[in-house]
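Asks: Keeping the supplied structure of chain A fixed, place chain B upon it in accordance with the hints.
These protein sequence lines map, in sequence, to chains A and B.
The first sequence lines up with residues 0 to 221 when you count with numbering that gives the first Met the number 0.
The second sequence lines up with residues 0 to 221 when you count with numbering that gives the first Met the number 0.
By construction, these hints were calculated from the structure, which means they are not laboratory data.
Fair warning: there could be bad hints in the mix.
As the list claims (entries may be wrong) - No more than 30 Å apart at the CA atoms, straight line, and that leaves these computed lysine-lysine pairs for DSSO-like:
1) Lys151(A) with Lys51(A)
2) Lys21(B) with Lys107(B)
3) Lys21(A) with Lys59(A)
4) Lys197(A) with Lys220(A)
5) Lys151(A) with Lys57(A)
6) Lys201(B) with Lys21(B)
7) Lys59(A) with Lys151(A)
8) Lys201(A) with Lys197(B)
9) Lys151(A) with Lys190(A)
10) Lys151(B) with Lys107(B)
11) Lys107(B) with Lys151(A)
12) Lys194(A) with Lys57(A)
13) Lys107(A) with Lys197(B)
14) Lys21(B) with Lys197(A)
15) Lys158(A) with Lys15(A)
16) Lys201(A) with Lys151(A)
17) Lys151(A) with Lys201(B)
18) Lys151(B) with Lys51(A)
19) Lys55(A) with Lys190(A)
20) Lys151(B) with Lys197(B)
21) Lys51(A) with Lys15(A)
22) Lys220(B) with Lys201(A)
23) Lys201(A) with Lys107(B)
24) Lys194(B) with Lys158(B)
25) Lys51(B) with Lys151(A)
26) Lys55(A) with Lys220(A)
27) Lys51(A) with Lys201(A)
Take a look at the letters that make up each chain.
There are 2 protein chains.
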Amino acid sequence: MNKTKEITVLERVSKKNEEIVKEIRTIFGENSIICFNIMGSPGSGKTTLIEKTIEKLKDKKTIAVIEGDLATTIDAERIREYGVDVLQINTGGMCHLDAQLIRNALSKMDLSAIDILFIENVGNLVCPSSHDLGEDYRVILASVPEGPHKPKKYPVIYKEADVVVITKADILEHFPDFSIEVLFGHAIEIKPDIKTIKVALKGEDIQIDDWVYWLENVEPKK
Amino acid sequence: MNKTKEITVLERVSKKNEEIVKEIRTIFGENSIICFNIMGSPGSGKTTLIEKTIEKLKDKKTIAVIEGDLATTIDAERIREYGVDVLQINTGGMCHLDAQLIRNALSKMDLSAIDILFIENVGNLVCPSSHDLGEDYRVILASVPEGPHKPKKYPVIYKEADVVVITKADILEHFPDFSIEVLFGHAIEIKPDIKTIKVALKGEDIQIDDWVYWLENVEPKK
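If we strip away everything but chain A, and leave its shape as in the complex, we get (with noise of 0.2 Å):
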């Protein structure tokens, strides 16, 4: 009896997450909203990523951004200065988002104004893997001081990925130990039918192009 009473428990609580997501989609669709729930290491260039999209895509398309950490407002801070929407959202000791707490940041923002919502997600390559945002696509970040095993080391969260994006391309060269086509290998090897794309944020040759034009020309998945 008392077993029966514990799994009708977790069974409402699972139905209740799938229910929150089915809500967001719902919400994202009556919207026009297509949603990218970024995911990296910490310092992999999530924030950075951002902002160099608002930059290119600000005069095209209503961007907004929710951003995940455990403590601060620092990074909503920086993508404030873009003037675009953005909310913070604190987790305090958890270490990825969830969908309760996507639900309760869309009901504070002017959503009917969104084309392109970014969701920056607490960095860490093992939590964000098994929550569902709502979001139409998962983008991975992969830096070149991280090295090129990533995609073997954290397996899920690649499985789980649209695309993987590799940043910091602009030092390379200070990395000879990095090499692209291994970190695209393994994590194709993982996930076959993930899309990469290589950009370099700071310096004289920014590269974002093939991010841009990806973003730019992807469908939502609904």
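Replies: Structure of chain B alone, referenced to chain A:
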């Protein structure tokens, strides 16, 4: 009655974990092992720090290493090249090591021979902070490419750490936004007595002496 039963179970689990940590501490004490729990983001340089430390100390101390990763034996293979005892733990989906895993690993090692044990935790700035592995010291790595704000964004792991080591200082000049003083300042704000060390482990001007000096002279905590 149900409630009481549930509480009993939780107490038993918690006590068991504490007991395992106590067992580990006894093992370290009996075998005169000093143990360092090395934590940091994926790609922050944890394995490289251990490699370079072995190079410096291998003629003076017997070093052993426990490697924690979700998957693969990549890091353990790197360490094995240095001729030291190394054991790989694969956590599957788990974002940290725990005392039970360490206790099992220790049962497979030649403990009486070990002076220094490094435990390389899963690359993560959240989950490892709440898991006591019986270590003497917790070391948190902060690599230059991650930026100077990680202590503020991930305060819990810094609060639990004894030492913060800035890694990849050899490429400092390519990160004009990075300031060692700012990072150390944030770390000290969170944990006033945290020890601060800078290392550069690649390139022409290797800097590791401060770290090695501290390692050689620090006393076991018990």
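Asks: Could you run down the list of hints and mark each one as holding or not?
Replies: The hints, checked one at a time:
A C-alpha spacing of about 28 Å is found between Lys151(A) and Lys51(A), which places the hinted pair at or below 30 Å, so the restraint holds. This hinted pair checks out: Lys21(B) and Lys107(B) have alpha carbons roughly 18 Å apart, not beyond 30 Å. Our distance criterion of 30 Å between C-alpha atoms is met by Lys21(A) and Lys59(A), whose separation comes to about 28 Å. At roughly 23 Å between alpha-carbon atoms, Lys197(A) and Lys220(A) fall within 30 Å of each other, so this suggested pair holds.
Straight-line distance between C-alpha atoms of Lys151(A) and Lys57(A) comes to about 36 Å, which puts the hinted pair past the 30 Å bound. Restraint check for Lys201(B) and Lys21(B): the C-alpha separation of about 38 Å exceeds 30 Å, so the hint is violated. Among the hinted pairs, Lys59(A) with Lys151(A) is inconsistent with the structure: their alpha-carbon atoms are about 37 Å apart, more than 30 Å. Taken as a hint, the Lys201(A) and Lys197(B) pair is honoured in the structure, with Cα atoms around 25 Å apart against an allowance of 30 Å.
Our distance criterion of 30 Å between C-alpha atoms is met by Lys151(A) and Lys190(A), whose separation comes to about 11 Å. For the hint linking Lys151(B) to Lys107(B), the alpha-carbon distance of about 38 Å lies beyond 30 Å, and the restraint is violated. For the suggested pair Lys107(B) and Lys151(A), the alpha carbons sit about 26 Å apart, so the restraint of at most 30 Å is met. Pair hint Lys194(A) plus Lys57(A) holds up; C-alpha atoms about 24 Å apart against a cutoff of 30 Å.
Between Lys107(A) and Lys197(B), the direct Cα distance comes to roughly 43 Å. Violation of the 30 Å bound is thereby established for this hinted pair. Taken as a hint, the Lys21(B) and Lys197(A) pair is broken in the structure, with Cα atoms around 48 Å apart against an allowance of 30 Å. Distance check on the hinted pair: Lys158(A) and Lys15(A) sit about 25 Å apart at the alpha-carbon level, within 30 Å; holds. For a cut-off of 30 Å, the pair hint linking Lys201(A) to Lys151(A) stands: about 27 Å separates their Cα positions.
Distance hint between Lys151(A) and Lys201(B) is fulfilled; the C-alpha atoms sit about 24 Å from each other, no more than 30 Å. Distance restraint check for Lys151(B) and Lys51(A): the Cα-Cα separation of roughly 24 Å lies within the 30 Å cut-off, and the hinted pair is therefore satisfied. Restraint check for Lys55(A) and Lys190(A): satisfied, since their Cα atoms lie roughly 29 Å apart, inside the 30 Å limit. For the hint linking Lys151(B) to Lys197(B), the alpha-carbon distance of about 19 Å falls within 30 Å, and the restraint holds.
For the proposed pair Lys51(A) and Lys15(A), the alpha carbon gap of about 36 Å is over 30 Å, so the pair is violated. Only pairs whose Cα atoms come within 30 Å are accepted, and Lys220(B) paired with Lys201(A) is rejected, the gap being roughly 44 Å. About 47 Å separates the Cα atoms of Lys201(A) and Lys107(B), which puts this hinted pair outside 30 Å; it is violated. At most 30 Å may separate the alpha-carbon atoms for a hinted pair to count; Lys194(B) and Lys158(B) meet this at roughly 12 Å.
Distance hint between Lys51(B) and Lys151(A) is fulfilled; the C-alpha atoms sit about 24 Å from each other, no more than 30 Å. Of the supplied pair hints, the one linking Lys55(A) and Lys220(A) holds, its CA atoms being roughly 23 Å apart against a limit of 30 Å. Between Lys51(A) and Lys201(A) the CA atoms are separated by roughly 9 Å; this keeps the pair inside 30 Å, and the hint holds.
Against the hints set out earlier in the document, violations occur for numbers 5, 6, 7, 10, 13, 14, 21, 22 and 23.
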